[in-house]
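Trainee: Listed here are the chains, written in short residue letters.
Protein chains: 2
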Amino acid sequence: MQFTSGIVEQAVEALSSFPGIGKRTALRLVMYLLKRPEMEVAHLADALLKLKTELHLCEVCGNVSDHKKCHVCVNPNRSEEVICVVEDFSDLMAIESTAQFKGKYHVLGGLISPMDGVGPDDLNIASLVGRVEHALVGEVMMALSATVEGDTTMYYLAKKLKPHGVTITCIARGIAVGGEIEYADEVTLGRSIAQRTEYLL
Amino acid sequence: MQFTSGIVEQAVEALSSFPGIGKRTALRLVMYLLKRPEMEVAHLADALLKLKTELHLCEVCGNVSDHKKCHVCVNPNRSEEVICVVEDFSDLMAIESTAQFKGKYHVLGGLISPMDGVGPDDLNIASLVGRVEHALVGEVMMALSATVEGDTTMYYLAKKLKPHGVTITCIARGIAVGGEIEYADEVTLGRSIAQRTEYLL
Chain A
93 MQFTSGIVEQ
103 AVEALSSFPG
113 IGKRTALRLV
123 MYLLKRPEME
133 VAHLADALLK
143 LKTELHLCEV
153 CGNVSDHKKC
163 HVCVNPNRSE
173 EVICVVEDFS
183 DLMAIESTAQ
193 FKGKYHVLGG
203 LISPMDGVGP
213 DDLNIASLVG
223 RVEHALVGEV
233 MMALSATVEG
243 DTTMYYLAKK
253 LKPHGVTITC
263 IARGIAVGGE
273 IEYADEVTLG
283 RSIAQRTEYL
293 L
Chain B
93 MQFTSGIVEQ
103 AVEALSSFPG
113 IGKRTALRLV
123 MYLLKRPEME
133 VAHLADALLK
143 LKTELHLCEV
153 CGNVSDHKKC
163 HVCVNPNRSE
173 EVICVVEDFS
183 DLMAIESTAQ
193 FKGKYHVLGG
203 LISPMDGVGP
213 DDLNIASLVG
223 RVEHALVGEV
233 MMALSATVEG
243 DTTMYYLAKK
253 LKPHGVTITC
263 IARGIAVGGE
273 IEYADEVTLG
283 RSIAQRTEYL
293 L
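Chain order of the listed sequences is A and B.
So the first sequence is numbered by my numbering: it starts at 93 and just counts up by one.
So the second sequence is numbered by my numbering: it starts at 93 and just counts up by one.
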């Protein structure tokens, strides 16, 4: 790309550092911004900056929050007995939108992945052990991705937490609702048979 | 989406105003930014802001530029005799990267499109007429998209400029290089036959 302006080039370079956004898409975004009012662009720049300057990680669970503690942790109506462990706050948002879970959360900030150089010490694990030790937690529910990294992390956490006398559970893995058996992969189908539940009338 | 942080929500809203970026992609971008150093995010915010505060439109041709006149207009090695008319600066960049054009440019900033409420007065047309009137321009080369809007704009400009005694040309439309005749659409194929050129050995 031959740029006729250093300012445009810088903006394209900065935007194309995003995952999944190449130079051409970045140029399209820049052209869009050029046509928007200055106020709107200033608002965007400010919103991005605030992510680094004003956003807190909840000191209890590690969730992103506008305050020192997140709104789930300070909510007295949520049960202290179950902690749901998730990889990132986007998973927490997904679970919240099901309205099926009324306990508290713990956000790891990633999964154990030796391939990417991520070990247990890089994750928000120590404080989870602390919460299980000192509070009235009866169950730790693992809601991690069904991948090698998710399974590794779950195994590590179960080993760490079991000695403290909590029940470790894992969200069900099986045929997705609306999914057809014919198209399910063998591992998923096998797991869904092994973990079949009684059909109650 | 249930946000647990107003700051995250604002950033997602701002990013998802971009064309082609939905809420889920915006959330992915926000999660990426949260993992980057503050310096990098500040650099991005600054680069976007500069687009509105420091970028100029060249006072001669309307191209984006870091200065009052763009580097094409101030280049004494570029011919004053041909002006290439383009829709936007990204088209100018595309033509520059072919290294086939050694004249000057004129950037319209859009195309005439009654459906979108864009008329001739909304575009950078008056200054083009001025350039043709007062300078030694012999040819105006139209490099506009081969769409209804492009053709409408070309027709309008030709009507305006012809009385000033300039030659109006249009970049060739036909089978793309590498394209197979079998898959070319009828209109393009028809046009490429009507505008056939002599094959010189």
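Source of the hints: derived by calculation from the structure; they are not laboratory data.
All values reported here derive from a predicted model rather than from experimental measurement.
Be aware that a few hints might be false.
Each pair may be met inside one copy or between any two copies, as identical chains are not told apart.
To be verified - Under the rule of at most 20 Å between Cα atoms (straight-line distance), these lysine to aspartate or glutamate pairs were calculated in the EDC-like manner: (1) Lys127 to Glu274; (2) Lys252 to Glu241; (3) Lys127 to Asp158; (4) Lys161 to Glu146; (5) Lys144 to Asp158; (6) Lys194 to Glu278; (7) Lys251 to Asp214; (8) Lys254 to Asp183; (9) Lys144 to Glu274; (10) Lys161 to Asp213; (11) Lys254 to Asp208; (12) Lys127 to Asp180; (13) Lys127 to Asp138; (14) Lys144 to Asp213; (15) Lys142 to Glu130; (16) Lys142 to Glu132; (17) Lys252 to Glu278.
Trainee: Taking the hints in turn, state whether each one holds.
Mentor: Results for each hint:
In this assembly of identical chains, the alpha carbons of Lys127 and Glu274 never lie at most 20 Å apart, being 50 Å within a copy and 40 Å across copies at closest. Taking identical chains as interchangeable, the C-alpha atoms of Lys252 and Glu241 lie at most 20 Å apart only when both belong to the same chain, with a minimum of 17 Å there against 66 Å between chains. With identical chains, the CA atoms of Lys127 and Asp158 are at most 20 Å apart between copies only, with a shortest distance of 17 Å across copies and 32 Å within one. When the C-alpha separation of Lys161 and Glu146 is checked against a cutoff of 20 Å, the pair qualifies only within one copy, where the shortest distance is 13 Å, while the shortest distance between copies is 40 Å.
Proximity of Lys144 to Asp158 under the C-alpha cut-off of 20 Å is restricted to the intra-copy arrangement: shortest distance 11 Å within a copy versus 29 Å between copies. Neither within a single protomer nor between protomers do Lys194 and Glu278 lie at most 20 Å apart by alpha-carbon distance, with minima of 33 Å and 62 Å respectively. In this assembly of identical chains, Lys251 and Asp214 lie within 20 Å of each other by CA distance solely inside one copy; the values are 18 Å within and 68 Å between copies. In the homo-oligomer, the alpha carbons of Lys254 and Asp183 never lie at most 20 Å apart, since the shortest distance is 24 Å inside one protomer and 63 Å across protomers.
For the identical chains of this complex, Lys144 and Glu274 are neighbours neither inside a copy (47 Å) nor across copies (54 Å), given an alpha-carbon limit of 20 Å. Taking the shortest Cα distances, Lys161 and Asp213 never come within 20 Å of each other, neither inside one copy (22 Å) nor across copies (55 Å). Proximity of Lys254 and Asp208 under a CA criterion of 20 Å is satisfied in neither setting, with 27 Å inside one chain copy and 64 Å between copies. Only between protomers do Lys127 and Asp180 lie at most 20 Å apart by alpha-carbon distance; the minimum there is 11 Å, versus 35 Å within a single protomer.
Both within a single protomer and between protomers do Lys127 and Asp138 lie at most 20 Å apart by alpha-carbon distance, with minima of 18 Å and 17 Å respectively. In this assembly of identical chains, the alpha carbons of Lys144 and Asp213 never lie at most 20 Å apart, being 22 Å within a copy and 43 Å across copies at closest. Taking the shortest alpha-carbon separations for Lys142 and Glu130, both the intra-copy value of 18 Å and the inter-copy value of 10 Å come in at or below 20 Å. Proximity of Lys142 and Glu132 under a CA criterion of 20 Å is satisfied in both settings, with 15 Å inside one chain copy and 13 Å between copies.
Neither within a single protomer nor between protomers do Lys252 and Glu278 lie at most 20 Å apart by alpha-carbon distance, with minima of 31 Å and 69 Å respectively.
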